[in-house]
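K.L.:
Here are the chains, one letter per residue:
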Amino acid sequence: MYETNFHSVSSPQEAEAILATATDAKILAGGQTLIPTMKQRLAAPSDVIDLSRAEGLRGVTITKRKVMGVIKADGGETVTIGAMTTHAEVAANAELAEVFPAMCRLAGNIGDPAVRHRGTIGGSVANNDPAADYPAALLALAATIHTNKREIAASDYFQGMFETALQEGEIITAVSFQAPAAGGYGKFPNPASRYAMAGVFVARSKDGAVRVAVTGAGENGVFRHAGLEAALTADYSANAVDGVEVSAEGLMSDLHGTAAYRANLIKVMAKRALA
Amino acid sequence: MSEGIGARVLRKEDKRFITGKGRYTDDIIEANQAYAAFVRSPHAHARIVSVDASAALAMEGVETVLMGPELVADGIGNIICGWGVTSKDGSPMNMGAWSALATEKVRYVGDAVAIVVADSKALAKSAAEAVVVEYEELPVVVGSVEALAEGAPQLHENAPGNLIFDWEIGDLAPTDAALASAAHVTEMDITNNRLAPNPMEPRSAIATFNEAEDHYTLYTTSQNPHVARLVLSAFYNVAPEHKLRVIAPDVGGGFGSKIYIYPEEIACLWAAMKCGRSVKWTSDRTEAFLTDAHGRDHVSTAKIGFDKDGKIVGLKVNTKANLGAYMSLFSSAVPTYLYATLLSGQYDIANIYCDVQAVYTNTVPVDAYRGAGRPEACYLIERLMETAAREMGVDPAALRAKNFVKSFPHQTPVIMAYDSGDFDANLKQAQEAADVAGFAARKAEAASRGKLRGLGYSNYIEACGIAPSAAVGSLGAGVGLWESAEVRVNPVGTIEILTGSHSHGQGHETTFAQIVAERFDLPTENIQIVHGDTDKVQFGMGTYGSRSGAVGMSAIVKAMDKVEAKVKKIAAHVLEAGEDDIVIEGGAVKVAGTDKQMLWHEVGLAAYTAHNIPEGMEPGLKESAFYDPTNFTFPAGCYICEVEVDPETGVTEVVQFVASDDFGTIINPMIVEGQVHGGIAQGIGQAMLENVVYDEMGQQLSASYMDYTMPRADDLPNYSVHHASTVCPGNPLGMKGCGEAGAIGSPPAVINAITDAIGNNNLAMPATPAAVWAALQDVQSKIAAE
Ligand SMILES: Cc1cc2nc3c(=O)[nH]c(=O)nc-3n(C[C@H](O)[C@H](O)[C@H](O)COP(=O)(O)OP(=O)(O)OC[C@H]3O[C@@H](n4cnc5c(N)ncnc54)[C@H](O)[C@@H]3O)c2cc1C
Chain H
1 MYETNFHSVS SPQEAEAILA TATDAKILAG GQTLIPTMKQ RLAAPSDVID LSRAEGLRGV
61 TITKRKVMGV IKADGGETVT IGAMTTHAEV AANAELAEVF PAMCRLAGNI GDPAVRHRGT
121 IGGSVANNDP AADYPAALLA LAATIHTNKR EIAASDYFQG MFETALQEGE IITAVSFQAP
181 AAGGYGKFPN PASRYAMAGV FVARSKDGAV RVAVTGAGEN GVFRHAGLEA ALTADYSANA
241 VDGVEVSAEG LMSDLHGTAA YRANLIKVMA KRALA
Chain B
1001 MSEGIGARVL RKEDKRFITG KGRYTDDIIE ANQAYAAFVR SPHAHARIVS VDASAALAME
1061 GVETVLMGPE LVADGIGNII CGWGVTSKDG SPMNMGAWSA LATEKVRYVG DAVAIVVADS
1121 KALAKSAAEA VVVEYEELPV VVGSVEALAE GAPQLHENAP GNLIFDWEIG DLAPTDAALA
1181 SAAHVTEMDI TNNRLAPNPM EPRSAIATFN EAEDHYTLYT TSQNPHVARL VLSAFYNVAP
1241 EHKLRVIAPD VGGGFGSKIY IYPEEIACLW AAMKCGRSVK WTSDRTEAFL TDAHGRDHVS
1301 TAKIGFDKDG KIVGLKVNTK ANLGAYMSLF SSAVPTYLYA TLLSGQYDIA NIYCDVQAVY
1361 TNTVPVDAYR GAGRPEACYL IERLMETAAR EMGVDPAALR AKNFVKSFPH QTPVIMAYDS
1421 GDFDANLKQA QEAADVAGFA ARKAEAASRG KLRGLGYSNY IEACGIAPSA AVGSLGAGVG
1481 LWESAEVRVN PVGTIEILTG SHSHGQGHET TFAQIVAERF DLPTENIQIV HGDTDKVQFG
1541 MGTYGSRSGA VGMSAIVKAM DKVEAKVKKI AAHVLEAGED DIVIEGGAVK VAGTDKQMLW
1601 HEVGLAAYTA HNIPEGMEPG LKESAFYDPT NFTFPAGCYI CEVEVDPETG VTEVVQFVAS
1661 DDFGTIINPM IVEGQVHGGI AQGIGQAMLE NVVYDEMGQQ LSASYMDYTM PRADDLPNYS
1721 VHHASTVCPG NPLGMKGCGE AGAIGSPPAV INAITDAIGN NNLAMPATPA AVWAALQDVQ
1781 SKIAAE
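Chains H and B, in that order, give the protein sequences. Each step along the first sequence adds one to the number in my numbering, with nothing skipped, and position 157 is 157. Each step along the second sequence adds one to the number in my numbering, with nothing skipped, and position 128 is 1128.
Hints are computed from structural coordinates only; laboratory data are not their basis. Just so it is clear, the structure is predicted and the values come from calculations on it, not from any experiment. Check the hints yourself; a few may be wrong.
Negatives, chain B to chain H, calculated, CB over 10 Å [as the list claims (entries may be wrong)]:
#  : residue
1  : V1051
2  : A1073
3  : A1122
4  : K1125
5  : S1126
6  : E1129
7  : T1286
8  : T1649
9  : G1650
10 : N1691
11 : T1709
12 : M1710
13 : T1768
14 : P1769
15 : A1770
16 : A1774
If the Cβ cut is set under 8 Å, some of the chain H residues that face chain B in the computed set are [to be verified]:
#  : residue
17 : M1
18 : F6
19 : V9
20 : S11
21 : R41
22 : A43
23 : P191
24 : S237
25 : H256
26 : G257
27 : Y261
28 : N264
29 : L265
30 : L274
Note that the Cβ used here is the ideal one computed from N, Cα and C, for glycine as well.
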């Protein structure tokens, strides 16, 4: 690791001020990606700004949808997850488990216990690893990424491998989404890293729209799958997936599997997301 | 005695290991120590045009930057291969020069070009990055078959065509004739994948030169510190043996990779002398992937012939062994004498012929890795047997049993003379434990859940306890492979055992104490095992090839024989009885059938006070012994693996793994089971998970745990481990060895099971989900085509 200046901040604003002045400052969330990268000397930030003591960035809040002042019993809740909420906290959140358990299960399958107790949703979304799990969920849920400057729709936010809409000095504060009517995640873990080799998040919103987002398999990061979305809009069932042609085009081939294998996995994982 | 042979004594060493109090090389801190980092080649093959270290040297806190030409000028010798193998035509092997720091060319990614010494580790790394090396890139070859092809890039001038040797064993003409006469011939291409050893503790070294005493000390992660000292002094000219102390303190696993003396240790010693400071280097995980000797990497074709009754008539094998960019210490022995000599397996085969081409490539040097040659042999013969049974439509277990060697000693056509075993007993025990009879029902039940269930056998035999010195000497070994021990009974009766074996996870501090406890009927807490320090232990050949039991413990037994004889003499003298009437039991030395006795410690005291010992006897109670084995030992067994494959994804679960081993005498069943568990974990790792992958530029694509699949607990089944043992006639304790069997025997059982499940025999290791799925697609497209 190269030498760096360490800052612990109590608010996103304080972090913002340092980001504006330091030559090459980096936010430190759970450090599960940033620290290994620094240890391997692949990153050399001049300053590291630790958000773990910043206020207001941690926790899951669920706001019930009200129609004409009356809380609707059948969901439609807005789920907001603070950027510094760890994967373990999301996995164990009882309220979230009630409105949308698939999200808890997804978080509970990220990495290993050490990773889950340090790694955060904000860090994962900021990093946008092409094999990370959360990006598939957020894209399929048409989530909103909240930053210190603005709100960004997930479809605008994820822009390819490790590419996001974040601008310099921008800090993620939270993500939010409407709890869907139904949804699930099928993850095929890479045997070595246990990141997703093909992770398929299927969500059907209250208004019936079906979104299917695929992570781990695409050559250009997380993407939506039109064929699966059309089939599942017509018939929201695992059987509907059988009839879909998943092309290997644009999918990754590497030592863990060919594009054809990943195309197969997308189909199988889509079915398992619905199971 | 509860702590003697056969007792499940808890490991004495574990308290310090599991409380974080182990003392590893990187824990050693010398006054004024500096840190080394290596400038390594980013190219797999290149000429070094120039090296400019000026920017690095200008950094504050950088002590020195040293390079190959200076090392050569200082007379530091090239790295040796300790086993000469002779080609078919009688010519010696073509060994290219390997300098600890490259001089003109680099030949693999990670090849060391310079050592940088600085005040801190971070500074050393930064300075290494500041060394500017200009390379002229050369064409690269990574596979053994490609390296032997016409027009392949050449690695070493004196190895034309990259061929190191073209060796053979057995008789060609009779083997060809037998195969020609066979009623059935099974022919296969068999690849044994390349593995990275991955001990938990990375390699490390700290070297100190004491100018006033003209003396060197090296702490290092070694499986054999005396061999390290011998080689460092006799061949690398770092220091004469009596001026060099090598200490291998706690070592966190080796699996073979810490047998060898690597460039880094040589460079650290040399740099310590050059700059007058202790120099410490500790590998990180990436460096470990790039520089620890890899294992296996064979490409073979094999033919086995049977007569009309299913008896094997002949076996013919060709193997191309990839030895990497340089010849590591035992690299030549692994694909020859440790491999082809086991090709007879558990079977009575009259005719065997095998030839092996060893090849240079632009990859990490390949050497012994847990099993070393025997897993390659076992995989080959056990894949052939299973495949032949399928082709002939006979039960694979029955075909094996029909061909078992049944009487001992048995001379194979490939040097080895098996001394003992009962292969039927292992097969039967494993079949019962695995409930083979119930397999059809389990398969049907799995099918109802959409899963493909398969069962595979592996009936392995291997050779341990390497080995009679004269025998290995006649085969080209540069060393003798005996072991030494010293038994010191202190005046207070406690005992120190100094052994040339080296424990790096095997539990010697426990098991070695147990054999002493058994012999002298003492608690193990009164016994201390001393190992790993050339200043303490007289000499030793170290630990590898499952030799510490069969050879290392035998040396202790020999020394104990001498101690016992002396104890009896002293007791007989003091108690005024005949030596033959003296018995040792219950912490005392007694005259049998009387109440006359001396307590054990009283005998120790008597020996050291020497007030009343037999006339002419030397005082003291300390004996040493060297034990040279009479033969290899032959652990054998039967492994049965059962798997379930998810046809949608190719994911394979090992649902049952049964081992029936014959290890001879077992000192501590708990430790033996641990060795079997770990061995099978590595075997399943090789079969399903682990693979070193290079791209065509010679870059390792799998050089981190993001891409190299280390076995994890949830990849592995609960093992069902059993023993059906025959006593080894070749050594005093009757031991055969258990350290590698699991890794040797398990891969073919796994692949035989998976190929049985999927109905496609064409499946290479590792059988990853993607590979299994692809093999299933082949089956489906064949069915579609029909
Ligand atoms: C062994 C291992 C296994 C893993 N397995 C998985 C897996 O299966 N699935 C998966 O999805 N992930 C996996 N991960 C990644 C893990 O989820 C990380 O936690 C995550 O990628 C990064 O989160 P972090 O909080 O650790 O971020 P950090 O490492 O602290 O930061 C990552 C990057 O995001 C930036 N950043 C962090 N927070 C913010 C913010 N609020 N605003 C702006 N920028 C920010 C940082 O500057 C940095 O560039 C694994 C990681 C490890 C080490």
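K.L.:
Indicate, hint by hint, whether the structure satisfies it.
P.N.:
How the hints compare with the structure:
no.: 1; hint: V1051; verdict: holds, 21 Å
no.: 2; hint: A1073; verdict: holds, 32 Å
no.: 3; hint: A1122; verdict: violated, 7 Å
no.: 4; hint: K1125; verdict: violated, 7 Å
no.: 5; hint: S1126; verdict: violated, 7 Å
no.: 6; hint: E1129; verdict: violated, 8 Å
no.: 7; hint: T1286; verdict: violated, 7 Å
no.: 8; hint: T1649; verdict: violated, 6 Å
no.: 9; hint: G1650; verdict: violated, 8 Å
no.: 10; hint: N1691; verdict: violated, 7 Å
no.: 11; hint: T1709; verdict: violated, 4 Å
no.: 12; hint: M1710; verdict: violated, 8 Å
no.: 13; hint: T1768; verdict: violated, 6 Å
no.: 14; hint: P1769; verdict: violated, 7 Å
no.: 15; hint: A1770; verdict: violated, 4 Å
no.: 16; hint: A1774; verdict: violated, 7 Å
no.: 17; hint: M1; verdict: holds, 7 Å
no.: 18; hint: F6; verdict: violated, 15 Å
no.: 19; hint: V9; verdict: violated, 26 Å
no.: 20; hint: S11; verdict: violated, 32 Å
no.: 21; hint: R41; verdict: holds, 7 Å
no.: 22; hint: A43; verdict: violated, 14 Å
no.: 23; hint: P191; verdict: holds, 5 Å
no.: 24; hint: S237; verdict: violated, 17 Å
no.: 25; hint: H256; verdict: holds, 6 Å
no.: 26; hint: G257; verdict: holds, 4 Å
no.: 27; hint: Y261; verdict: holds, 5 Å
no.: 28; hint: N264; verdict: holds, 7 Å
no.: 29; hint: L265; verdict: holds, 7 Å
no.: 30; hint: L274; verdict: violated, 14 Å
Hints 3, 4, 5, 6, 7, 8, 9, 10, 11, 12, 13, 14, 15, 16, 18, 19, 20, 22, 24, 30 from the earlier list are contradicted by this structure; the remaining hints agree with it.
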